[in-house]
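**Q** The lines below spell out each chain.
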Amino acid sequence: MGIPGTWRLRNQRLALIGEVCHTCGKKIFPPRDVCPDCAREAQHAFRFSGRGEIYSFTTVFNPPAGFEEYAPYTVALVKLEEGPIVTAQLTDVEPDQVAIGQPVEMVTRKLQDESRAGVISYGYKFRPRMSAT
Amino acid sequence: MRGVSIIGVGQTPVGEHWDRSLRHLAYEAVSAAMQDAGVEGAHAMYVGNMLSGEISNQSHLGALIADFCGLRGIEAVKIEAACGSGAAAVRMGYLAVASGVHDLIICVGVEKMTDDVGGKLTAALAQAADAEYELAHGITFVGLNALLMRRYMHEYGVRHEDFAGFSINAHANAVGNPYAMFRRPITLEDFKHADMICDPINLLDSSPMADGAAAVVLCPTEQAHAFKGKPVHIVGSALATDCLSIHDRRDPLWLQAAEDSARRAYAQAGVTPQDIDLFELHDAFTIMSALSLEACGFAERGKGWRLAAEGEIRPGGRIPICTMGGLKARGHPVGATGVYQIVEAVLQLRGEAGACQIPDARLAMAQNIGGSGATIITHILEAEE
Numbered sequence: 001m002g003i004p005g006t007w008r009l010r011n012q013r014l015a016l017i018g019e020v021c022h023t024c025g026k027k028i029f030p031p032r033d034v035c036p037d038c039a040r041e042a043q044h045a046f047r048f049s050g051r052g053e054i055y056s057f058t059t060v061f062n063p064p065a066g067f068e069e070y071a072p073y074t075v076a077l078v079k080l081e082e083g084p085i086v087t088a089q090l091t092d093v094e095p096d097q098v099a100i101g102q103p104v105e106m107v108t109r110k111l112q113d114e115s116r117a118g119v120i121s122y123g124y125k126f127r128p129r130m131s132a133t
Numbered sequence: 134m135r136g137v138s139i140i141g142v143g144q145t146p147v148g149e150h151w152d153r154s155l156r157h158l159a160y161e162a163v164s165a166a167m168q169d170a171g172v173e174g175a176h177a178m179y180v181g182n183m184l185s186g187e188i189s190n191q192s193h194l195g196a197l198i199a200d201f202c203g204l205r206g207i208e209a210v211k212i213e214a215a216c217g218s219g220a221a222a223v224r225m226g227y228l229a230v231a232s233g234v235h236d237l238i239i240c241v242g243v244e245k246m247t248d249d250v251g252g253k254l255t256a257a258l259a260q261a262a263d264a265e266y267e268l269a270h271g272i273t274f275v276g277l278n279a280l281l282m283r284r285y286m287h288e289y290g291v292r293h294e295d296f297a298g299f300s301i302n303a304h305a306n307a308v309g310n311p312y313a314m315f316r317r318p319i320t321l322e323d324f325k326h327a328d329m330i331c332d333p334i335n336l337l338d339s340s341p342m343a344d345g346a347a348a349v350v351l352c353p354t355e356q357a358h359a360f361k362g363k364p365v366h367i368v369g370s371a372l373a374t375d376c377l378s379i380h381d382r383r384d385p386l387w388l389q390a391a392e393d394s395a396r397r398a399y400a401q402a403g404v405t406p407q408d409i410d411l412f413e414l415h416d417a418f419t420i421m422s423a424l425s426l427e428a429c430g431f432a433e434r435g436k437g438w439r440l441a442a443e444g445e446i447r448p449g450g451r452i453p454i455c456t457m458g459g460l461k462a463r464g465h466p467v468g469a470t471g472v473y474q475i476v477e478a479v480l481q482l483r484g485e486a487g488a489c490q491i492p493d494a495r496l497a498m499a500q501n502i503g504g505s506g507a508t509i510i511t512h513i514l515e516a517e518e
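Sequence order for the protein chains is S and R.
Numbering-wise (my numbering), the first sequence opens with residue 1 and increments by one.
Numbering-wise (my numbering), the second sequence opens with residue 134 and increments by one.
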């Protein structure tokens, strides 16, 4: 993803800002402008807490182009406490220490260093929850 | 709407065809299908393909393949729906004939994967998923299926080896298919000890990347008997979509588009799952087979794996699947796969499946899945009376 894309997604990547549907109350991440439940417009920004739990996970040993230097890394589906599931890498934890149901929290980390385009993209990853809740 | 029939089929062996390019593979399948039907031309061609732009630096396949097959000038366009591109192309051909716009259509699925290997191919395949919210986090296509499989095992208390029956069946069936990539059986021990790719998915849960092309010729049922071969009738055809990302699904472990497309196809054909004699499903990974059987009404939620464990998916079982090797052992040239499935179903219904023949097969279902479930196409085919 180049410079415009990285800039465009800064609110989602860095602050986990999604949307809330003012018709039915559903919290939405990633933002999609139309509520997936009631199909009404839902463009009101909503900032997620960043707290959730592991829904599923796997460790990638054969990465796609652009991720070679990071492999192996663990990717999870994280169920946020507000409802949505997000796909994200786990950090600060060994793969054999991960379990379904484990509480996690969002942190900001480097996602990819695309040196050819001069862009270092940062965004959300999740780690075992450390903060008081 | 007019009834639509398949009057010719053709395919190349699935494998690593270092000596043949995308266009040559497509021509080989189209030419075989046209000979099988006894036709010398067509009014339109739909080309199913996913990766040509990424891997072969070639877009614009409609014109390229039509011209290369000696059909310069006809309507021709590429149809893309990730790994569902092949059956999506057949669906477009079906609509063109059913609507009365065209009388003679060629649908060809073609994929050339071995022009690149490694990370670039892995990244190209992953484009079936959401670039901004899945791929940006380094997930691969195998990885997405691994997320589903781990959750499935957790939710339903299933062990990894409980999926072995899917791969063992596919490999056993491929032995009799001269076009299959892996014509050798595997054992439970092989499955249990295969190399891990992306836990819990190991090498023998996974279908292989490959080159290949397959083609069908379609015409209105009312004209089907004017051609030389035994026609097979498309009695159900449906395409349904779901969200691109697993994380956006209402229930990640339910293939809603499989249920929706199968339900519509059953209704159109006036049949139920119990009537289906064989099912060419999209076993890109063993977990997909289980989810597909559940969504299509062959097993209850969380119990699709049992059909494999109990041998009900083998020839002679309750619902034989992957009768000519499936994606696992025939091979998975992604954008061609959906057409291979239909070609194999046609061979079964014409009684020409050789060592793979399911006795007295009259109704066959084929289901092709794009991505991790976002585009799913289901066809039901019926043998000639």
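If you are wondering where the hints come from, they were derived from the structure by calculation, not from laboratory data.
Predicted model, so just to flag it, every value in this text is computed and none were measured.
Note that CB positions come from ideal geometry on N, CA and C, so glycine has one too.
It cannot be assumed that every hint is accurate.
Stated by the list, open to error - In silico SDA-like links for lysine to any residue, alpha-carbon gap of 25 Å or less:
1. R:K325 to S:T59
2. S:K79 to R:H235
3. S:K79 to R:A264
4. S:K79 to R:K325
5. S:K110 to R:E173
6. S:K79 to R:L254
7. S:K26 to R:C376
8. R:K253 to S:T59
9. S:K79 to R:E265
10. R:K253 to S:K26
11. R:K253 to S:Y70
12. S:K27 to R:Q389
13. S:K26 to R:Q260
14. S:K79 to R:K253
15. S:K79 to R:K363
16. R:K325 to R:K363
17. R:K363 to R:H235
18. S:K27 to R:A165
19. S:K110 to R:A257
20. S:K110 to R:L254
21. S:K110 to R:G251
22. R:K253 to S:I120
23. S:K27 to R:R383
24. S:K26 to R:E265
25. R:K253 to S:Y122
26. S:K79 to R:Q260
27. S:K27 to R:R284
28. S:K79 to R:G251
29. S:K26 to R:A264
30. R:K253 to S:N62
31. R:K325 to S:I3
32. S:K27 to R:T374
As the list claims (entries may be wrong) - Quick partial rundown of chain S residues pointing at chain R, CB under 8 Å, derived from the structure:
33. V20
34. V34
35. C35
36. F57
37. T58
38. N62
39. P64
40. A65
**Q** All the hints need checking, so say for each whether the structure fits it.
**A** Hints, one by one, checked against the model:
no., hint, in the structure
1, R:K325 to S:T59, "holds, 19 Å"
2, S:K79 to R:H235, "violated, 49 Å"
3, S:K79 to R:A264, "holds, 20 Å"
4, S:K79 to R:K325, "violated, 31 Å"
5, S:K110 to R:E173, "violated, 58 Å"
6, S:K79 to R:L254, "violated, 30 Å"
7, S:K26 to R:C376, "holds, 17 Å"
8, R:K253 to S:T59, "holds, 19 Å"
9, S:K79 to R:E265, "holds, 18 Å"
10, R:K253 to S:K26, "violated, 38 Å"
11, R:K253 to S:Y70, "holds, 16 Å"
12, S:K27 to R:Q389, "holds, 22 Å"
13, S:K26 to R:Q260, "violated, 28 Å"
14, S:K79 to R:K253, "violated, 30 Å"
15, S:K79 to R:K363, "violated, 53 Å"
16, R:K325 to R:K363, "violated, 43 Å"
17, R:K363 to R:H235, "holds, 21 Å"
18, S:K27 to R:A165, "violated, 53 Å"
19, S:K110 to R:A257, "holds, 22 Å"
20, S:K110 to R:L254, "holds, 24 Å"
21, S:K110 to R:G251, "holds, 24 Å"
22, R:K253 to S:I120, "holds, 20 Å"
23, S:K27 to R:R383, "holds, 13 Å"
24, S:K26 to R:E265, "holds, 21 Å"
25, R:K253 to S:Y122, "holds, 22 Å"
26, S:K79 to R:Q260, "holds, 23 Å"
27, S:K27 to R:R284, "holds, 23 Å"
28, S:K79 to R:G251, "violated, 31 Å"
29, S:K26 to R:A264, "holds, 24 Å"
30, R:K253 to S:N62, "holds, 11 Å"
31, R:K325 to S:I3, "violated, 45 Å"
32, S:K27 to R:T374, "holds, 23 Å"
33, V20, "violated, 16 Å"
34, V34, "violated, 12 Å"
35, C35, "violated, 12 Å"
36, F57, "holds, 7 Å"
37, T58, "holds, 4 Å"
38, N62, "holds, 6 Å"
39, P64, "holds, 4 Å"
40, A65, "holds, 4 Å"
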